[in-house]
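Chains as they are written, first to last, in the UniProt record's numbering: chain A, 1 to 486; chain B, 1 to 486.
Heads up, some of the hints might be wrong.
The list makes no distinction among identical chains, and a pair is therefore deemed to hold if it is satisfied within one copy or across any two copies.
Unchecked claim - In silico DSS-like cross-links for lysine-lysine, where the CA-CA straight-line distance does not exceed 27 Å:
hint, residue 1, residue 2
1, LYS229, LYS31
2, LYS152, LYS31
3, LYS388, LYS331
Hints in this document: simulated from the structure, not taken from any laboratory.
Number of protein chains: 2
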Amino acid sequence: MAIKTPDWVKHAVFYQIYPDAFARKVPPHQKWLLDVPLEDWDAPPTYQGYKGGNLWGVIDKLDYLQDLGVTALYFTPIFRSASNHRYHTHDYYGIDPLLGDREAFDLLLKAAHEKGFKVVLDGVFNHASRGFFFFNDILENGPNSPWLDWFKIQGWPLSAYDGSLPANYVSWIDYRALPQFNHDNPAVREYIMQVGEYWLHQGIDGWRLDVPDCVKADGFWEEFRERVKGVNPEAYIVGEIAFDATQWLDGKQFDGVMNYPFGRLTAAFIIGDRVDKDIIPHFYEPYEPLDAPGYAKGIEELLARHPWEIQLTQLNLLDSHDTSRFLSIAKGDRTSAKLGALLLFTFPGTPNIFYGDEIGIEGGHEPDCRKGFPAEEKWDSEALAYYKQLIRIRKKYRALCTGDYQTLYAQEKVYVFARISEEEALIIAVNNGQEKAEINLSELEKVPSLLTIKPNNMIHGEGSSNWDNAQLQLIIPPRCGLILAS
Amino acid sequence: MAIKTPDWVKHAVFYQIYPDAFARKVPPHQKWLLDVPLEDWDAPPTYQGYKGGNLWGVIDKLDYLQDLGVTALYFTPIFRSASNHRYHTHDYYGIDPLLGDREAFDLLLKAAHEKGFKVVLDGVFNHASRGFFFFNDILENGPNSPWLDWFKIQGWPLSAYDGSLPANYVSWIDYRALPQFNHDNPAVREYIMQVGEYWLHQGIDGWRLDVPDCVKADGFWEEFRERVKGVNPEAYIVGEIAFDATQWLDGKQFDGVMNYPFGRLTAAFIIGDRVDKDIIPHFYEPYEPLDAPGYAKGIEELLARHPWEIQLTQLNLLDSHDTSRFLSIAKGDRTSAKLGALLLFTFPGTPNIFYGDEIGIEGGHEPDCRKGFPAEEKWDSEALAYYKQLIRIRKKYRALCTGDYQTLYAQEKVYVFARISEEEALIIAVNNGQEKAEINLSELEKVPSLLTIKPNNMIHGEGSSNWDNAQLQLIIPPRCGLILAS
Numbered sequence: 001m002a003i004k005t006p007d008w009v010k011h012a013v014f015y016q017i018y019p020d021a022f023a024r025k026v027p028p029h030q031k032w033l034l035d036v037p038l039e040d041w042d043a044p045p046t047y048q049g050y051k052g053g054n055l056w057g058v059i060d061k062l063d064y065l066q067d068l069g070v071t072a073l074y075f076t077p078i079f080r081s082a083s084n085h086r087y088h089t090h091d092y093y094g095i096d097p098l099l100g101d102r103e104a105f106d107l108l109l110k111a112a113h114e115k116g117f118k119v120v121l122d123g124v125f126n127h128a129s130r131g132f133f134f135f136n137d138i139l140e141n142g143p144n145s146p147w148l149d150w151f152k153i154q155g156w157p158l159s160a161y162d163g164s165l166p167a168n169y170v171s172w173i174d175y176r177a178l179p180q181f182n183h184d185n186p187a188v189r190e191y192i193m194q195v196g197e198y199w200l201h202q203g204i205d206g207w208r209l210d211v212p213d214c215v216k217a218d219g220f221w222e223e224f225r226e227r228v229k230g231v232n233p234e235a236y237i238v239g240e241i242a243f244d245a246t247q248w249l250d251g252k253q254f255d256g257v258m259n260y261p262f263g264r265l266t267a268a269f270i271i272g273d274r275v276d277k278d279i280i281p282h283f284y285e286p287y288e289p290l291d292a293p294g295y296a297k298g299i300e301e302l303l304a305r306h307p308w309e310i311q312l313t314q315l316n317l318l319d320s321h322d323t324s325r326f327l328s329i330a331k332g333d334r335t336s337a338k339l340g341a342l343l344l345f346t347f348p349g350t351p352n353i354f355y356g357d358e359i360g361i362e363g364g365h366e367p368d369c370r371k372g373f374p375a376e377e378k379w380d381s382e383a384l385a386y387y388k389q390l391i392r393i394r395k396k397y398r399a400l401c402t403g404d405y406q407t408l409y410a411q412e413k414v415y416v417f418a419r420i421s422e423e424e425a426l427i428i429a430v431n432n433g434q435e436k437a438e439i440n441l442s443e444l445e446k447v448p449s450l451l452t453i454k455p456n457n458m459i460h461g462e463g464s465s466n467w468d469n470a471q472l473q474l475i476i477p478p479r480c481g482l483i484l485a486s
Numbered sequence: 001m002a003i004k005t006p007d008w009v010k011h012a013v014f015y016q017i018y019p020d021a022f023a024r025k026v027p028p029h030q031k032w033l034l035d036v037p038l039e040d041w042d043a044p045p046t047y048q049g050y051k052g053g054n055l056w057g058v059i060d061k062l063d064y065l066q067d068l069g070v071t072a073l074y075f076t077p078i079f080r081s082a083s084n085h086r087y088h089t090h091d092y093y094g095i096d097p098l099l100g101d102r103e104a105f106d107l108l109l110k111a112a113h114e115k116g117f118k119v120v121l122d123g124v125f126n127h128a129s130r131g132f133f134f135f136n137d138i139l140e141n142g143p144n145s146p147w148l149d150w151f152k153i154q155g156w157p158l159s160a161y162d163g164s165l166p167a168n169y170v171s172w173i174d175y176r177a178l179p180q181f182n183h184d185n186p187a188v189r190e191y192i193m194q195v196g197e198y199w200l201h202q203g204i205d206g207w208r209l210d211v212p213d214c215v216k217a218d219g220f221w222e223e224f225r226e227r228v229k230g231v232n233p234e235a236y237i238v239g240e241i242a243f244d245a246t247q248w249l250d251g252k253q254f255d256g257v258m259n260y261p262f263g264r265l266t267a268a269f270i271i272g273d274r275v276d277k278d279i280i281p282h283f284y285e286p287y288e289p290l291d292a293p294g295y296a297k298g299i300e301e302l303l304a305r306h307p308w309e310i311q312l313t314q315l316n317l318l319d320s321h322d323t324s325r326f327l328s329i330a331k332g333d334r335t336s337a338k339l340g341a342l343l344l345f346t347f348p349g350t351p352n353i354f355y356g357d358e359i360g361i362e363g364g365h366e367p368d369c370r371k372g373f374p375a376e377e378k379w380d381s382e383a384l385a386y387y388k389q390l391i392r393i394r395k396k397y398r399a400l401c402t403g404d405y406q407t408l409y410a411q412e413k414v415y416v417f418a419r420i421s422e423e424e425a426l427i428i429a430v431n432n433g434q435e436k437a438e439i440n441l442s443e444l445e446k447v448p449s450l451l452t453i454k455p456n457n458m459i460h461g462e463g464s465s466n467w468d469n470a471q472l473q474l475i476i477p478p479r480c481g482l483i484l485a486s
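Working from the sequences, and respecting the hints, build out all of it.
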């Protein structure tokens, strides 16, 4: 059976919202609940403090997001959870009270849909939290709990909170705060499937799945796909798998994964040895700077790894709530951030902007990367304009979304590739070197459709282009990029 | 302002359901969730084991309850809770998964209402549980939790589960599993008020309140009454206050309380020194057997203690989930159980049958009193017929519900009283002695309305009656009771 992934994802521009730190608003009718002591919005984020961002705040920010041009919102978890990142799920059916309430969620979803945004939620189905009811019942009732088989208990009494004793149950990376589900229990499986279906029925457009590679039960994600697509065939399912995800990208499980390999390659090329070694994301280790040939090789291997239909719905990213900010990895070098974004918005797969990258938020390892979205006077307005332009281009040229990918040139610090569909062709060139690049793209006869169209309209960037029959000459200023369209 | 309590309560017969042990049914569509390992239904109940009774089971039992004749159901807690009695609330808005789900509750409420039952739920608003989200967040995030002020924290780190350390937060009777709310926090107060309103909006007919005397915040229960009655002016609010409840029965707080003083007096009179001292409920200590004059004195003091409008909506009981069964306190003496029931069903206030008393379930201190409701072949069918008759009488004669109460005779082991309304009068006589009683009720001219009506129709019990002008002669066999109606 042919692999099928959602068309809307291929044409989307995602924006990742970390709800605790994105926007805060306390409506009068929720003042009683939400006026609580919080960490200062602009103070460095901490592991356990809350900034109090909420869904009411997001509703107010939808105009900003629409103006930015993004078309899909991926929310890190919003379900009730005793952690500011909310990956410690306490209740899969409830909105976290600090984020507002169910009314806030319903209003947000409705408003987002009315403005044309898709909405993807984060599902943490490998593990729950110590407060999650079925685990809490075991903690409270010991061997008498009817829910024993929901987790993998190894001894009594449970030492869930006493760090001086070994945690005597299976937990995610042996972190006792996150007891791992026993996915071999059919009840657990059905429970998770029903959660998956439930929120689709409530109108969300997809699931981002936390550490799905840790779930070992046979056919688990195949069933999840069937159940979710059974509710909405166009639902997007994207896994968080930072390394080789081939096993899960067979078309029977996920539509894509968070494309950390793309982020890793792009950092290695664009940031190169400008890198701040102290905050290299562990997903990127071992970090080795790449020149253009190395980048081209990595990118082509990556593109060859998965079916094209899947490539088009990979969730591409430069950074996330789990990594240092790209800008900070580049020690604040704004040019690197720009060139990285240029590659992000022109690569096959859907680009995902981690909230605030578009206005130049900096941040090291988590939780530092999860800073409160700053007031407008602190924005990097040049970065914002740049992002807006790239988003407009991404949305205007379908070839950037679904066109073929062809490396055209990769030498030293200069990398050039094309995105080509039947109707249009674009050439994207990046000169990451300190010198002006004057290059001749020959052998273009290998790309006949490109030669037919001969894109020569510089819609982005600086430099010049000149077609001479089957040859294209490009002049690109140092550390610049450009896009030629037809 | 005149005190007002719900009329329906005055005419109701309550049945108290302990959901874990009352009835169990697993519908096919919930098999995936509910087929779990459980304590054997007929095994002695334990503190931490579950029998798995559920709401689906209760739905199936409604015909039985209708046939029994009761008109109102009081459920001990049904909200999500990691304890078989479910007084450790984990979520005030969710039905416990072992009890079924929200669909089960909605169907139960609908079916119960269609059959004419009122439904009262148990609200545990003094304390929550360690798994309750707002406490769990404090446990997980320590001083960074936004919800610190929801409880009364006294030190860090919280020793919620480590019994070797003092529990460094305020909990109910210093039991660390039940952290006590900080009711002085307006958010906590509002949260509880909204829970109270919410379930009324869902259609329940009232609240039984767990240990409400432990809530010290000014005007808390006054506001709760206003909020609840604001949703449904006919809602019933009954507190669990085992001792003198005068302070809460001023008409501004509760419509009544669980009338343990009535149960205590009735046990002391009817069971007397047949008592099993090992299982006397602590509510009844110090236990002293009473003869008829002592009982009359106690009952009259009890009736004088609260306004009459409140008396009529007291929740009278012989036992509950918190006490040994009346039958067992009487060492299995069925005659005591019958005479106790006779007094229960003829006393002002609404009678409350603890599930299974009507079929002769025995049981000592909790949890033993919470046995699985047995299969029909184990029922005491004589007890059941007796209960049915008394319930029929209670419902037929409005004077038993709202008529005046008048002691007519109290000597040695014989106690006689009347319930008198404008239309009818009943005389209830109990001879708790081992000898036949032949008594003359003179001085009846003090009760002119009784003399007008002269009830002489023996609708229940054994013995004989004979009116001679203003005198009534009664002959009552040993350890018997009777009811004369007009």
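Numbers of the earlier hints that this structure fails to satisfy, in rising order: none
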